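Given chain A, put chain B in place with the hints provided.
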Amino acid sequence: MKKFNKVVSVAMAAAMVAGVLAVPAAAEEGTFKVGVIGPMTGDYAQYGTNVYNAAKIAIDEVNANGGFNGYQVELLDAGDDQGDAEKAINAFNDLLDKGMQMLCGTVTSGACIAVGAEAAENTFLFTPSGSAVDCITAGSNEFRMCFTDPMQGSKSAQYISENGLATKVAILYDSSTDYNVGIHDAFVEAAPEYGLEVVADEAYTTDSNTDFSVQLSKIKDSGAELLFLPNYYSDCALILQQAADAQLDVTFFGVDGMDGILSVENFDTSLAEGVMLLTPFSATAEDEATVNFVTAYGEASNGETPNQFAADAYDVIYAMKAAADDAGITPDMSNEDISAAMSASMLNIEIDGLTGKAKWTEEGECDKEPKAVVIKDGVYEMME
Amino acid sequence: MSFISYLKDGISLGSIYAIIALGYTMVYGIAKMLNFAHGDVIMVGAFVILAAITKAGLSPLLSIILAVVLCTVLGITIEMVAYRPLRKASSNLAVLITAIGVSYLLQNVALLVFGADAKSFVTVINVPTLVLFDGQLTIKGITIVTIAACIIIMCGLTLFVNKTKPGHAMKAVSEDRDAAQLMGVNVNSTISLTFAIGSGLAAIAGLLLCSAYPTLTPYTGAMPGIKAFVAAVFGGIGSIPGAMIGGILLGVIEIFGKAYISSQVADAIVFAVLIIVLLVKPTGLFGKNVQEKV
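Going line by line, the protein sequences match chains A and B.
Letter 359 of the first sequence, counting from 1, is numbered 359 in this note's numbering, and no numbers are missing.
Count along the second sequence starting at 1, add 384, and that's the number in this note's numbering.
Chain B extracted, bound-state conformation:
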């Protein structure tokens, strides 16, 4: 039974990684850039929800909507101010470095505004704990909500990309930006839309992350952000189902590593697995192998 219990812990941790990874992979898939500030947008979203509930006294639902709206605006602003002017720059490295800069900017602004003290997150989502097998296996409500949210977002995104006009535009921009522009696709607004969706999802991810692990500091988003990036690479970056599977697998590996090998080297195990996967299959589990045409 302890195996199943660990598996459940792994899935619950992994579902958090998965939901963050969805935002990462979405932006990478379309804008072809790694938005390292994604984890910090999550942190901002969580702070907005916390402040809206505890300081402004808004209802949880209203707070979540507010956070999604604010994060969407934040995402679009970051893209317009920090990334768009560099999109024509000679190397992708410039945008990558800027993204790291934006990440630190958000952390330090949050540090100024909210202080370094860890704050406990309030209970926003109230779903009862599921008790199975006479109390031998308990599944927390938040785990069920996270997994459900993950599946809904994954399906929603896949449908959006494949069935709608803006979605087709995204696919077109993703495959060949210049050709898409020639065909009349507005590349800038398509990429803005991608960031809007990615950042809106970040607010949801912030809510779920802080509901599962109710602590909040300006650095809360940083490490889960990196792990989720790993999950996205693991699953094949750019692939929406890949991000979800990658996230869940990563969580399960991390928990099993802790449980059966050592709690001290759990992170090392996670990254070792990543290295092995990339050695065997460089595009990740679900990544497409695109042939470079000469």
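Here chain A stands alone, though its shape is the one from the complex:
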């Protein structure tokens, strides 16, 4: 038995060495290798598959137009992390073994924080949708396409004020979840700057997220014109139902967590009529780029409609292309060199993508104007 163990450990060690050696070997070829990590199965599978499918479409388009800096780009098979940090790190190492030089991912925040620590200063990381602040703080070679959670708060305040939606606002949020608290705090901080008065600031917790009657009646008494809901859609569905019962007549404004409210099973979508949410993308928008993308996406994946994750991923690939062209990188460079050159070029580029005109800061944050949609007749309609 002892001998057998030894054989196994030698074999495993050999396999590990082989894995390490595979990295430079794969990079010798004349194509760039891009990887995607995200939940491809499990509860969040919709997010990951949207990102992968959209990245595929963008890379095919990029390849038809000369690729990254004149070299073709290959999209590696998707790394499936099921939204889990540990699985994401395994997927990351696996993709490196397969020769990945740039990462479009990861998709979910928790996994992205973990992978961000691994990729710091060695592999170029560009997350389409990891919105927690710490997703890209580990290294200077990490960038993001979406807004951070707190930024959604200040951008919402900006949007509400600039579009004259209200001056007296109320908030109802889950005070036991980071995501909601981060957005809430940023919103409250930014509100005075944009001339908004917070007349009611009510909370609930994940453990008591079914009864909102008291909070809603306080909000009703406060005379608010708009109710800001930085919560996930399942809570929002219940809040909207109870707000209707309480005859609360305000504008409802949510953030990206609200996205999905129309697909809650058995939800009466008429309750969501007129609800606005901050989102970078609407599949029903009529501009040429969106229409082309939605058509291409539908053709590639059985007529499905892409969501904002897909749009973010699509823009990530184009931003990568812009940075690669600017940096003049070649596929035979090491991951570290590609990473350093791309990171420097990210500060020079500006793209006009599906999610808006975007530039990047030194911290890797995306600087773009907030966009919002309003729900009309059960579909999103872009607000102008």
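Don't read these hints as lab results, they were simulated from the structure.
Among the hints, erroneous ones may be present.
Taking lysine-lysine pairs in the DSS-like style, the calculated list, with each CA pair at most 30 Å apart, reads [claimed, not checked]: (1) K168(A) <-> K376(A); (2) K416(B) <-> K549(B); (3) K392(B) <-> K220(A); (4) K220(A) <-> K371(A); (5) K168(A) <-> K33(A); (6) K87(A) <-> K33(A); (7) K392(B) <-> K665(B); (8) K376(A) <-> K524(B); (9) K56(A) <-> K357(A); (10) K392(B) <-> K549(B); (11) K665(B) <-> K376(A); (12) K359(A) <-> K371(A); (13) K416(B) <-> K555(B); (14) K220(A) <-> K524(B); (15) K168(A) <-> K392(B).
This one's a predicted model, so the numbers in the text were calculated from it and none came from an experiment.
What follows is chain B alone, placed relative to chain A:
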């Protein structure tokens, strides 16, 4: 008027806790075990009703009957498979841990079968909203139904335990299991019956919970289950009227805490009240103080 409106909200929330607490207290009173899976049986009941109506197209009444039957069978099965073999175990702790295990099992099976996405519950009970004082006070139909159901179940259970033969057997098992067995009471079938009734009630509680707060996930039953357990302890666990009063008081305290103190610490207030009550009266409001004979 806002005070009365909050009071009404509290009673409507409390009546939900009360109806769940009735199931808890019933099982505890007779089997002397905390069935932590009770909240999850509620969730199963609600899913059965939802699936029967939306997927199988059954009528609401038929769906409710189906859910009650399935939950009863589920309750008996859980008791036979998970609890009965441990009843002779040296400590009650073993059953308690198993109950927590069953709770997670049910949640995860539901997660596999129905997915994690929250689903909106369909309208099953159609009772018009009561509007009083020129629209200043509105009482939803479901609140009235829940309170009525609570009172009917409470009275029914009390009558059943005090006036029927199986009820007497339950009381006997509750007071002294070994002595009851010596007197010819079939302890196993009596406890099975308790679980059957408790789980059947869970299906009704699931219906009322999800009608009042129309959202359904595999975790829907967990938190109300814990709150209802608190309500049962508050009212004096094992006492049927205690569960009802405890549930309603808990709901009222929670809503008043939210309304007049802070919506962020409402749960903390609820549990603080529980601690105070237990410090002052360890057996709960309606609990009997049983002297341990040496």
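Hints not upheld, ascending by number: 5, 10, 11
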